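Mind assembling these two chains? They're in different frames, but the hints should get you there.
As a plain string of letters, each chain reads:
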Amino acid sequence: MKTNGLKWLRVVLALLIFIPTVLFFIDVFHLLPIKWDVILHVQLVPAILDSMWGIVIVILLLTLLFGRIYCSVICPAGILQDFFSRFSAGKKKRRQRRVLKYAKPKNWLRYTILALTVGSFMLGSSALIVLLDPYSNMGRVLADLVRPALIPLNAFVVNKAFAMGIYSFLPVSASGISMVAIVVSSLFLITIAVMSLLRGRLYCNTICPVGTFLGLVSRFSLFRVVINESACTHCNVCSRSCKSQCIDSKESIIDTSRCVTCFNCLTSCTQNAIGYRFAGFSKSHKAVPTVEKTVNTRRREFLALSTTAMMTAPFAMAQSQSKKLATQQLPIMPPGAGKREHFNMRCTACHACVTQCPSNVLIPAVFDYGIMGLMQPRMYYDKGFCQPNCTICMDVCPAGALTPLTLKEKQLTQVGRVAFTLEDCVVYKNHTDCGSCSEHCPTQAVKMVDYKDGLRIPEVTPEICIGCGGCEYACPARPKAIVVHANYDQQWAKKPPKEKEKNIEVQSFGF
Amino acid sequence: MKRRDFLLTAAMTGVASTLRFDKLEAALKNNRIAVSSTPDLVAVMGGEPAIMLDRALAKFGGISAFVKKGQTVVLKPNIGWDKTPELAANTNPALVGAMVHQCYSAGAKRVEVFDHTCNQWDRCYVDSGIKGAVEAAGGIMVPANDQSFFRTVSIPQGKKLKQTAIHKSLLDCDVWFNMPILKNHGGAKMTISMKNYMGVVWDREHFHKTDLQQCIADICTFHKRPALNIVDAYRIMFKNGPQGKSVADTALLKTLIVSPDIIAADAASVRFFNQVQKMDISEVEHIGMGQALHLGTDDLNKLRIDRIKI
Ligand code: SF4
Ligand code: SF4
Ligand code: SF4
Chain A
31 MKTNGLKWLR VVLALLIFIP TVLFFIDVFH LLPIKWDVIL HVQLVPAILD SMWGIVIVIL
91 LLTLLFGRIY CSVICPAGIL QDFFSRFSAG KKKRRQRRVL KYAKPKNWLR YTILALTVGS
151 FMLGSSALIV LLDPYSNMGR VLADLVRPAL IPLNAFVVNK AFAMGIYSFL PVSASGISMV
211 AIVVSSLFLI TIAVMSLLRG RLYCNTICPV GTFLGLVSRF SLFRVVINES ACTHCNVCSR
271 SCKSQCIDSK ESIIDTSRCV TCFNCLTSCT QNAIGYRFAG FSKSHKAVPT VEKTVNTRRR
331 EFLALSTTAM MTAPFAMAQS QSKKLATQQL PIMPPGAGKR EHFNMRCTAC HACVTQCPSN
391 VLIPAVFDYG IMGLMQPRMY YDKGFCQPNC TICMDVCPAG ALTPLTLKEK QLTQVGRVAF
451 TLEDCVVYKN HTDCGSCSEH CPTQAVKMVD YKDGLRIPEV TPEICIGCGG CEYACPARPK
511 AIVVHANYDQ QWAKKPPKEK EKNIEVQSFG F
Chain B
73 MKRRDFLLTA AMTGVASTLR FDKLEAALKN NRIAVSSTPD LVAVMGGEPA IMLDRALAKF
133 GGISAFVKKG QTVVLKPNIG WDKTPELAAN TNPALVGAMV HQCYSAGAKR VEVFDHTCNQ
193 WDRCYVDSGI KGAVEAAGGI MVPANDQSFF RTVSIPQGKK LKQTAIHKSL LDCDVWFNMP
253 ILKNHGGAKM TISMKNYMGV VWDREHFHKT DLQQCIADIC TFHKRPALNI VDAYRIMFKN
313 GPQGKSVADT ALLKTLIVSP DIIAADAASV RFFNQVQKMD ISEVEHIGMG QALHLGTDDL
373 NKLRIDRIKI
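Chains as they are written, first to last, in our numbering: chain A, 31 to 541; chain B, 73 to 382.
FYI, nobody ran anything at the bench for these hints, they're computed from the structure.
These numbers come from a predicted model, not from an experiment.
Careful, some of the hints might be misleading.
[Claimed, not checked] Using 20 Å as the maximum straight-line C-alpha spacing, the simulated EDC-like pairs for lysine to aspartate or glutamate come out as follows: (1) A:Lys510 to B:Glu277; (2) B:Lys311 to A:Asp412; (3) A:Lys413 to B:Asp218; (4) B:Lys350 to A:Glu529; (5) B:Lys317 to A:Asp454; (6) A:Lys413 to B:Glu277; (7) A:Lys65 to A:Asp425; (8) A:Lys510 to B:Asp275; (9) A:Lys482 to B:Asp352; (10) A:Lys413 to B:Glu158; (11) B:Lys317 to A:Glu489; (12) A:Lys65 to B:Glu277; (13) A:Lys482 to B:Glu355; (14) A:Lys525 to A:Glu493; (15) A:Lys438 to B:Asp275; (16) B:Lys140 to B:Glu277; (17) A:Lys530 to B:Glu158; (18) B:Lys281 to A:Asp412; (19) B:Lys311 to A:Asp480; (20) B:Lys317 to A:Glu531; (21) A:Lys477 to A:Glu493; (22) A:Lys413 to B:Asp194; (23) B:Lys381 to A:Glu535; (24) A:Lys369 to A:Glu535; (25) B:Lys234 to B:Glu277; (26) B:Lys281 to A:Asp454; (27) A:Lys477 to A:Glu489; (28) B:Lys232 to B:Glu158; (29) B:Lys281 to A:Asp480; (30) A:Lys528 to B:Glu158; (31) B:Lys311 to A:Glu531; (32) B:Lys326 to A:Glu535.
[Claimed, not checked] Taking CB as the label site, the calculated pair distances span: (33) B:Lys296 to A:Asp519: 49 to 59 Å; (34) B:Ser354 to A:Gln359: 39 to 49 Å; (35) B:Pro228 to A:Gln359: 28 to 38 Å; (36) A:Ile212 to B:Gly179: 52 to 62 Å; (37) B:Ala364 to A:Glu531: 34 to 44 Å; (38) A:Val88 to B:Glu120: 30 to 40 Å; (39) B:Glu120 to A:Val176: 43 to 53 Å; (40) A:Ser203 to B:Pro228: 25 to 35 Å.
Ideal Cβ positions, reconstructed from N, Cα and C, are used throughout, including at glycine.
In isolation and in its complexed conformation, chain B is listed as follows (with noise of 0.2 Å):
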């Protein structure tokens, strides 16, 4: 199907977000139209950060399936907390500086990266490491401790969230790619690309107090999808999450779990870090509660997937 007969038949029938068109409907946004070869989702495993995010994307047609000249682009990786790589609490840095670099290799005007932090911002942005990496690679850090950058945007979509303040720099950027990394969380049970979205809202308290499961699965339905979610289970945290208190909470795993389709990536992840620390994927309900949605789906066996072992 074309494009544009795409988009004829969506709006013709207006039920384009009720169908499963959601993955195609993700790309789309995201000036993607190559879908039917490449795969749903990719994992790699046994290489460096940046090696096996060149080999996943590489699946997907390379960045610049994603990525075209002169586009802002913005990156968001977990950066919520003041500690060191090796804790595994945020992002895995090499990984974010990589994408960074794959961002202007397609020809980026502008590669901006944030997170909302819980500890003081600009410790975390520093402590990460992710500020290094990123400006070596020429990339733009963003703070996001201030009320004044977010605008308040409607979630149409959501059954409890319905308005909430989004970051600036992810309402105007031209895409985005969703970077979490793969931790446990003593409330929402996992943290995982879902759950990376509460870092790109003002107002997290919100959430706590009107059904968290719930509303990480709204704010995810609003209409700006990332292009990719890259899932970072380089380091893992498997307990004690999502601050952790020491290295004893991390597993060294080295895996890269990367899908255009947030609800796969995520279940996808779950069953990943299960056999690391018990998880079943109902617990964590956000995922069902998106997949109910329409956000994509967690029945990993209707997709094809691709796994790479380095």
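Only chain A is shown next, with the shape it has when bound in the complex (with noise of 0.2 Å):
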């Protein structure tokens, strides 16, 4: 048996990827040192959308010289498909049984698919990129399906070290869950659970318009799997073991828009006639597809190209009816979102965020924003309200949706304005004491204030409220007395005015 060098590297390199990945998303012990998000830079699609050219970049050129590294080593679904396609191999038996073989391209949807999502995008929807990026499903599979599963977990050991004397283990509290969150990331599951059990790297080559997008540049790639026509005897046994299904052995030729250098042909050859060489310059493999597939492919291009148009149209109208919104139906965007427009459309939904926030203040939002803003996440003051010295959510939008702010400036942005019912307060309704949600205000844009009786009422001053929820979070009244409205871009609040420090000093006890 000859020795898979190549492949072992891929596998290696990947899980040094993938096992981070997935646990920053899944830590609910708090285990992970801050930082840990960096790992989440260096996806393609946020990258892209946070205009980090670098990264960009270096994953083009990745991609120009190997291929498709990044779908056999950076995408943590493609890693996934290939546990489930691992497991399906599992027993020899079966791995028999499974007939993978060469496939033609389903070129017409694949590019379809990735046209769609490009054209919308333009258009001003990221509904499509919400949906596809395959990071950001991941990261949905392991906020909305794995994680909430494990939060049990972690009250069981805590309580138990907590019975124990040991303070050690840190409690989370769950956070909300999102039923669409659920349904669509089961749906994904579900899908490239079956793909790839039956079909290996179908998703990549079908759907996903990142490992299209990926396609167009492997295409040219320097260094290729490619086969030495005069030792190939056509056996075919290259094609059962490429889960692309993108080696024609009959015709000799590896269609490497699809090939995602998972190198599993490599050692699969009896006659050595298979092998990852240089051989970007010289023309000794056969091109595919033929030049008049091509001329096809490109008409099919525009065709679909056009329609792009034509079905993105609705999107992006969708999109802006939302302005019209009232206020009050608008979601509170997380901190840091800035424009309505420029959050919605870098925002991929991947929650990395939601999984962060310390106060589960985070929740993913249905229709709010509209169909584009599906699953992004928005401020909810239910279980908790945004802390006045976090910036987490910030720090690990690695789409650049929320723009990193420093301390100093997050507490003065204003997401959201109070607004005070004095018919539903607790000192109105009661006559008795509370300013719960003064209490909770770090800014004292809600301030207790004489009432009658002795008793104090609050007292609410928009212009320097930053919308953090706490007075909302802490009401107890029903309907609440006081909640946060939405600002459809986010503002400075006005500083609020500065106190100046007196020297105080007493003699006597006074008592």
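The following block contains the structure:
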């Protein structure tokens, strides 16, 4: 048996990226050090959206040099599919029974999806990116399916330890479960599971826009898997080992645009006819597709593009609709989101921020942002409020949807404004003291002022409010007497008037 | 009166709690017998937290009057906010650290410190400086941000608060000390020893919607009373409380007020506070309500008070 060094290198590198990425999303015990989120920055779509051109160029160069390394090493959804394939191939007998064979590329489908995704983004809707980006889908699988399942485990360990007088395990409270995120991520998981169990990397070569896009580049890759026609006996064994179903051993052709450089085929050949070589400038390999096919594809691509324009128009329109919504109904964006359009366009709903928010303030929206904002995070002050000294969500966002602000800037970022309804307030209704809102307000935008019979009642100054939701969270009245309404775009809060320090001295105790 | 005799009398008449024996009763609950020879309240001014604590405790016969060998002790400071010490939103960390030291020097087996915080708890513990000070002294910070750490108990003497969930550490310890910081409070007017109880319960919302002032007084009737109320007035917050906005809300007064009588401790603290910012004790309704529940007395003239200036 020949050793397949390249394949093992690929596996090791993939695990080195996959495992930290998974841990980031499911770390319910808070064991990971800060800055762990850097691992998210190797992902292509977030890097494009965040204009991290350095990373984008590195990935493109890698692809141009070595093929779709991204798909076999970096993409967490790709690695998960490999787990599924491996699982299905686990038993020798089953492996023999599973017949992977060469399949024609589904060009029309994959280019249409890519064109639709890019086209609709140009027209102002990120809906397809949200739904199709493989990294973000994996993020949601981990954040919305796996993580919630681990929270009871956390509670169990924490409580057992607590009973034994060990307090080093930190409890996390469950953030609200989001049905839409559960449904969408389950659908994604089932789709890739079924596809990879039956047809290897079918998802990557038909649906995934990232895979298709990188395929356009990897066609021209300098290093690639090639078949030495003179040695090839067309025995088909390599085709069967190929999870991308891209080796046409009859013609001794490999479709480099679909090859994910997994190197599984390299040791399969008994004739030593297949290898990973520098093939860039030699014309020893046959081009796929043929010229005639290319023309055909071109025409189809054009068609696809024009349909895209038509199909995405409604997305864009639905988007501008949300502008007309009253601010009361607008969801509050996480700090650092800045302009609403900017945020909605950049956020891929990977839920990195949702899993890291220490106060469970962020929940996936349903249709609150419009169609394209499906599952994007919104602030929700039921289980907690935004911590005045926290910038975590902005720090971890890999897509630049949340701009990292300094703590000073964040403490002046107004995500929404406070609104007070006297008739609902406990002080007014019950004639007893309360002040829960003012207690939680870091800016004193809600302040207790003299009312009557020695009672004090809230008074709000919305200009200095930052919309943290402390007041809304803490208000015991139902309906809440004090709530935060979203700003359409985030603004700077007015700085509260600076108070002078006085030198106060007392000489006696006063009693 | 000997302890046994007192208990006997109490049992026979069955009115122990309605008589003004509260101080004695609280003291007895905490193994303190020599009542008559110690003051009712000690106030210290002008020193660093650890020194003032030492001087005050000495007046009560030293820490060993309260903590016995092998006991588990709980300290309940105010750690409600993610603020640094100079903002005076939380109890002075040096004071808490010194108290942990004191307890261990009396032979305590374990000293635990917790608060049910308002801001994110782990940040509060760290940024307040309290975690650092407590752990340096060998104490243990116990989290209180999860309902499972609390156990429901009944409050038979409560007027509006009949039952509530209290932190297990406090329920299970041998002796506990109430260690509030002196602050103004937008809703409750003042937050001192009595209001500090809101950090031992899980459901604060219930207090706010069911007559805050009465609930504060009610929770203080819970049978397990603090051995001492140690009011930190080293740096106080006199406005914009309980969270405060800046150092301008605080005043450095270097004072400590200690008493086993929670009403006396708070009444004295309000009078002290009143010198900086006007605050009438009648406005702080929970103090009067607590007195009506026989938790102690605000008639400071009737008490033996030791005042120390350093
Ligand atoms: S800044 Fe606010 S919303 Fe963002 S992670 Fe921190 S607490 Fe959550
Ligand atoms: S949202 Fe409420 S608590 Fe937060 S700054 Fe505004 S008024 Fe204060
Ligand atoms: S928290 Fe709600 S009920 Fe209480 S004072 Fe504020 S607005 Fe009123």
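Under the constraints set out in the numbered hints, which ones does this structure not fulfil?
Failing hints, ascending: 2, 5, 10, 12, 15, 16, 24, 28, 35, 38.
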